[in-house]
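Colleague: Sequence:
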Amino acid sequence: MSMWAVSALGIGSMVGAGIFALLGQAALLVGPETWLSFALAGVVALLSGYSYAKLSSRYPSSGGITRFFEEGFGRGLVSGTLSLIYLVTLAISVAMVAKTFGAYATRLFLPSGGHIWFSIFGSAIVILLAVLNAVGSGAVGKAEVILVSIKLVILGGLLAAGIYSMSQGGTRHLAEHSHLGLTALVSSVGLCFFAYSGFGMMANAASDVANPKKTIPRAIFLAIGVVTVLYVGLSVTVLSLVPPAQLAHDADTAVAQSARPVLGSAGFTVVALGALLATASAINATLFSALNVSSAQARAGQLPRAFSTPLKGQSTRGFMWGVAAILVMVNTMSLGAIANVASATFLICYMAAHVACWKLSRQTGASRAIVGTGATLMGIVLITFLVSSAKTQPLSLVLTVVAVAGSALVQWLIQSHHRGLPHSRAS
36 MSMWAVSALG
46 IGSMVGAGIF
56 ALLGQAALLV
66 GPETWLSFAL
76 AGVVALLSGY
86 SYAKLSSRYP
96 SSGGITRFFE
106 EGFGRGLVSG
116 TLSLIYLVTL
126 AISVAMVAKT
136 FGAYATRLFL
146 PSGGHIWFSI
156 FGSAIVILLA
166 VLNAVGSGAV
176 GKAEVILVSI
186 KLVILGGLLA
196 AGIYSMSQGG
206 TRHLAEHSHL
216 GLTALVSSVG
226 LCFFAYSGFG
236 MMANAASDVA
246 NPKKTIPRAI
256 FLAIGVVTVL
266 YVGLSVTVLS
276 LVPPAQLAHD
286 ADTAVAQSAR
296 PVLGSAGFTV
306 VALGALLATA
316 SAINATLFSA
326 LNVSSAQARA
336 GQLPRAFSTP
346 LKGQSTRGFM
356 WGVAAILVMV
366 NTMSLGAIAN
376 VASATFLICY
386 MAAHVACWKL
396 SRQTGASRAI
406 VGTGATLMGI
416 VLITFLVSSA
426 KTQPLSLVLT
436 VVAVAGSALV
446 QWLIQSHHRG
456 LPHSRAS
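Counting in my numbering, the sequence shown runs from 36 upward without gaps.
Certain hints may be false.
[Stated by the list, open to error] Derived DEER-like restraints, expressed as beta-carbon distance ranges:
1. ALA341 <-> TRP447: 33 to 39 Å
2. VAL264 <-> LEU163: 28 to 34 Å
3. LYS249 <-> LEU448: 37 to 43 Å
Worth flagging that the hints you see were computed from the coordinates, not collected in a lab.
Beta carbons are placed, not taken as given, at the ideal position from N, Cα and C, and that holds for glycine.
Go ahead and model the full structure; you've got the sequences and the hints to work with.
Modeller: What follows is the structure, given as structure tokens:
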């Protein structure tokens, strides 16, 4: 995979989850400061990307962040639990984005269709891209370059049209949106960080590139930089073109709605098609990461052997189990509160990556000042986000605790079984 293919892998995941699934929700939280929230989240992501780049250069592996956990914390309960939390988060992310794909597909092709079509279309795209990932990393990289190129052309066109309209005195609703204060802004950074979390998946491609020491860092910084500019620009454009009442009603399709004032119904259709490409590429990239992570965990004894037992191509039996679990979530669960859970668990995992990089600074050559600054900012965002979730969506906090504690319990049972601890023999 080339640097462009690796960057496309990260951009595809970030933009798919960030703009089309989260921009409207973030705007409801912080109004006209949405652009600032995405900008601050971009800074946090860049600092996190620094740790990722250093770790990826020193430890290139298809396991990505799970390899970092193992190197930083040793092979044991802590690294195994963090790896399992990350894998669970990827599965939840795929289900959430698939549901978003289903919503856009239903709006475009079956406007009068009910919510059941969200699940049908969402399930179909998961199955299709799971088969694509089974073919191999080359197919994934080529698909990402194509998908991301089309998507960026559409979003770039929307951004240009919006800026031109505003410069000509067109509709401007930015000042009409409510200001909600500093605490809401910091908390929203946690939600917006989820929109950048896809950059971590580029580390999983380190074993598939010729020169990871140069390719992976460049790809990470390029992808985060491009996405930050895009997010900030679209945040201003969307809130300028969509009035507050419409945003509250159509938050899930805010980006497509912003096309109507400047490009009409045809513009809405084109941007909605872009949303389908964006969410599809996000699912594609996340499934690619999940396949590599689960295989690496199985080889390390942190998952059953089925996750490293090959089927056709690069697929494994365990990966197929994971796809089945994702399909169950797509067809049975509402993922509103789950999006908050995924944001929290991503922050926990990426915070742990900072700690691992700090501990391994001599081996990686990382600056502890930069790593420490990144960890501090991420810690502030995580704590504020959890406190805010406890007040506004307590269920999401409960589910976060369950996800973390459940991952620890499952990992303890797996390791006890593999290592033959006393309680395992007694049973």
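Colleague: For each hint, tell me whether it holds in the structure or not.
Modeller: Status of the hints after comparison with the structure:
For ALA341 paired with TRP447, a C-beta distance near 20 Å fails the hint of 33 to 39 Å. Checked against the given bound of 28 to 34 Å, the beta carbons of VAL264 and LEU163, roughly 31 Å apart, stay inside it. In this structure, LYS249 and LEU448 meet the distance hint of 37 to 43 Å, their C-beta atoms being roughly 41 Å apart.
Checked against the numbered hints given earlier, the structure breaks only hint 1 and satisfies all the rest.
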